[in-house]
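Residues per chain, in single letters:
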Amino acid sequence: MLSIKNLHASIEGTPILRGINLEVNAGEVHAIMGPNGSGKSTLASVLAGKEEYEVTEGEVLFQGKELLSLSPEDRAREGVFLAFQYPIEIPGVSTTNFLRTALNQVREYRGLAPLDAVKFLSLMKEKMALVEIDQKLLSRSLNEGFSGGEKKRNEIFQMAMLEPMLSILDETDSGLDIDALRIVSNGVNKLKSDKTATIVVTHYQRLLDYIVPDFVHVLYNGRIVKSGTKELALELEEKGYDWIKEEVDATATR
Amino acid sequence: MSTLTTSDSFSTLLATAPTSFAPLRQLAKESFLAQGLPSLKAEEYKFTPIAKKLESTLTNFTPAQPFALSAEQVGGAIIEGFEGLLLVFANGYFQPQLSTSLEGISITRLSDQPETQLGSIAKVEKDPFTALNQATFFEGIHLSLPKKTQLDQPILLLQFHQANVGQVISPRIWIEAGDFSSATFIDHSVSLGEQPYFVNKVVEIKGGINTHLTYLRLQHEGNRVIEVSNLETDLQKDGQFTSVNISLSGDLVRNNLTLNLLGSNTVGNMFGVYLLNGKTHVDNHTNVDHTFPHTESHELYKGIVADQSRGVFNGKIFVRQAAQKTNAFQQNNNILLSDDAIVNTKPQLEIWADDVKCSHGCTVGQLDEDALFYLQARGIDKINAKGLLLHAFAGEVLDKIECDSFRNHVVAQIQERLGSKI
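For the protein sequence lines, the chains are G and E, in the order given. Residue 0 is where the first sequence starts when you use numbering that gives the first Met the number 0, and the numbers rise one by one after that. Residue 0 is where the second sequence starts when you use numbering that gives the first Met the number 0, and the numbers rise one by one after that.
Hints listed in this document are in silico derivations from the structure and should not be mistaken for laboratory results. A couple of the hints might just be wrong.
Said to hold, decoys possible - In silico DSS-like pairs for lysine-lysine, Cα to Cα no more than 25 Å straight-line:
#  : chain 1 : residue 1 : chain 2 : residue 2
1  : E       : K345      : E       : K356
2  : E       : K40       : E       : K324
3  : G       : K135      : G       : K189
4  : G       : K150      : E       : K381
5  : G       : K194      : G       : K64
6  : G       : K49       : E       : K125
7  : E       : K236      : E       : K278
8  : G       : K124      : G       : K150
9  : G       : K150      : E       : K356
10 : G       : K49       : E       : K381
11 : E       : K381      : G       : K64
12 : E       : K399      : G       : K135
13 : G       : K4        : G       : K64
14 : E       : K52       : E       : K125
15 : E       : K385      : E       : K399
16 : G       : K64       : G       : K150
17 : E       : K52       : E       : K40
18 : E       : K399      : E       : K236
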């Protein structure tokens with residue numbers, strides 16, 4: 000589904016990603032872990048199309064299409080979804096109104112008729128249950144004054160509404176208490192299928208108790224330096240990242 | 000500041016003035032010639048080079064004449080969903096045959112009301128354009144609401160403008176509201192033709208005790224039009240006045256809005272949106288004078304300024320020594336959409352009382368790129384994402400418009416401008 004080859008990206012001339020290679024197939028869950036500043040969030044943002052990042056080398060194919068040549072909105076319409084680490088507060092725009100606009104633009108792109116108000120509301124009700132989100136929250140301005148947990152639940156709710164092929168969760172666990180973490184993870188797990196894929200970007204192993212990965216990759220200095228199964232995450236939890244840094248730095252200086 | 004140029008340029012206009020209100024006109028003429036056109040050094044017109052603009056575009060000013068309007072033209076310009084009293088004007092001249100009437104509401108030409116104390120609210124010595132209008136206006140309108148009149152439907156003042164280079168349109172409106180009356184006015188101007196004429200308008204509104212008046216205004220003139228307007232109102236005890244001003248186009252537009260709170264428990268609201276592109280220059284000068292205790296004013300102006308356009312905001316709040324327990328709040332927020340767009344914003348508070356609550360704030364910023372990306376990342380294209388954000392920004396003001404037909408009309412105009420479908 001997703002094929003990243005030798006991806007290099009920089010911000011304001013500073014290289015952040017220095018040759019990422021990653022293959023993600025339908026039905027798989029990949030966890031991307033790594034110390035702070037390793038490039039995890041940059042990778043997520045580059046895949047979603049944030050303009051601040053300049054891709055200097057490499058290519059990304061998503062379902063056979065050149066992802067990097069698409070606008071952020073077209074990536075979303077093709078089925079890429081980024082759950083933001085810090086969801087943006089947008090005063091004056093209600094979640095309902097925003098999502099209806101988004102969903103209908105996505106549907107138009109996919110050649111589907113727009114949903115009328117009744118159908119949209121019933122779809123909303125169905126997906127709201129998935130992340131235990133209150134309708135009152137959705138009629139308020141988008142994320143404005145939401146708690147950390149409410150913002151993250153809103154991200155997963157949006158994901159449920161837009162039904163992406165590839166979901167990228169950027170530090171979705173950060174700042175969540177255990178109840179919110181459980182709700183958010185349940186939502187993600189219920190949305191998984193053998194046709195969709197998930198990339199979970201996280202610093203801590205905790206989230207992976209709930210969203211169990213098929214593969215775990217460690218990102219360090221803009222490269223994937225180690226890949227393994229979920230046991231690798233447990234090892235990182237126990238031993239921290241220093242041993243990986245030492246291993247990589249030793250190889251580099253040799 | 001009086002110069003030969005000023006009196007020369009306006010000599011034809013001054014000489015052709017009608018004979019009604021002769022003493023008031025004479026006073027106004029003298030005041031205008033003494034004041035002259037404001038130069039850039041004049042503090043009140045610091046950011047708005049009106050004299051330069053007038054003198055470079057137009058040389059010898061003549062009054063614009065009324066012209067024939069068809070019922071179709073009028074029908075086509077009425078805002079969708081509007082129901083209420085319709086008053087049609089051609090270059091400021093009232094067109095009764097195209098207008099409707101309402102029992103109890105008196106609508107007459109100003110010349111038929113020679114006792115009208117023109118200039119008692121908008122005083123000629125305060126602004127040269129008020130003086131010029133009073134000296135030279137041809138036909139004005141006198142509107143009076145009897146005591147306790149409660150109008151559920153708005154009054155639409157549909158102002159058609161069609162003039163040539165160098166012509167001056169001088170609309171003059173006098174509104175008198177009896178005690179305990181309430182009404183909403185929609186002042187909507189329609190440009191026919193693309194000539195660089197000059198609109199110099201004065202509206203005086205005399206409120207009574209406990210009157211509740213709303214004056215909604217949409218400025219959407221041709222992009223070569225120069226427009227100055229002075230809107231001033233006196234509020235009496237328990238009175239309330241709300242002004243909403245939406246500016247969308249024009250060459251150079253200057254709005255002076257003055258609310259005199261002349262009784263206790265009066266409330267003045269001043270709201271505005273300016274959405275500018277091209278080289279449009281819009282200057283909103285507002286002024287609220289708290290002279291009695293327990294008075295309130297709320298002000299919110301929002302600007303979206305694109306291309307090489309310029310927005311100017313100057314908000315004066317006076318709180319006189321007697322006006323204890325005053326609440327006065329002012330806010331002006333702006334978004335610049337290009338590197339060449341300019342905003343000058345200036346709050347100006349003079350507070351002489353010591354037991355008051357006053358606040359003011361102004362911001363000038365850019366569209367939030369992170370918010371834009373967030374919306375795009377959900378599949379909304381850039382134009383609609385921008386439209387959604389800008390619409391939400393202006394929405395805080397638009398939501399304050401209680402008149403549905405006017406609000407819907409303005410929203411539609413703004414959406415058309417922003418090119419969004421939301």
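Hints, one by one, checked against the model:
1. K345/E - K356/E: 19 Å, holds
2. K40/E - K324/E: Violated. K40/E to K324/E sits at ~36 Å, over the 25 Å cutoff.
3. K135/G - K189/G: Holds, at roughly 23 Å.
4. K150/G - K381/E: 23 Å, holds
5. K194/G - K64/G: 17 Å, holds
6. K49/G - K125/E: 53 Å, violated
7. K236/E - K278/E: 42 Å, violated
8. K124/G - K150/G: Since the Cα atoms of K124/G and K150/G sit roughly 18 Å apart, the hinted pair holds (cutoff 25 Å).
9. K150/G - K356/E: Distance ~35 Å between K150/G and K356/E Cα, so the pair is violated.
10. K49/G - K381/E: 13 Å, holds
11. K381/E - K64/G: Distance ~21 Å between K381/E and K64/G Cα, so the pair holds.
12. K399/E - K135/G: Holds, at about 22 Å.
13. K4/G - K64/G: 13 Å, holds
14. K52/E - K125/E: 21 Å, holds
15. K385/E - K399/E: Distance ~22 Å between K385/E and K399/E Cα, so the pair holds.
16. K64/G - K150/G: Given that 25 Å is the threshold and the Cα spacing comes to 31 Å, the pair is violated.
17. K52/E - K40/E: 15 Å, holds
18. K399/E - K236/E: 23 Å, holds
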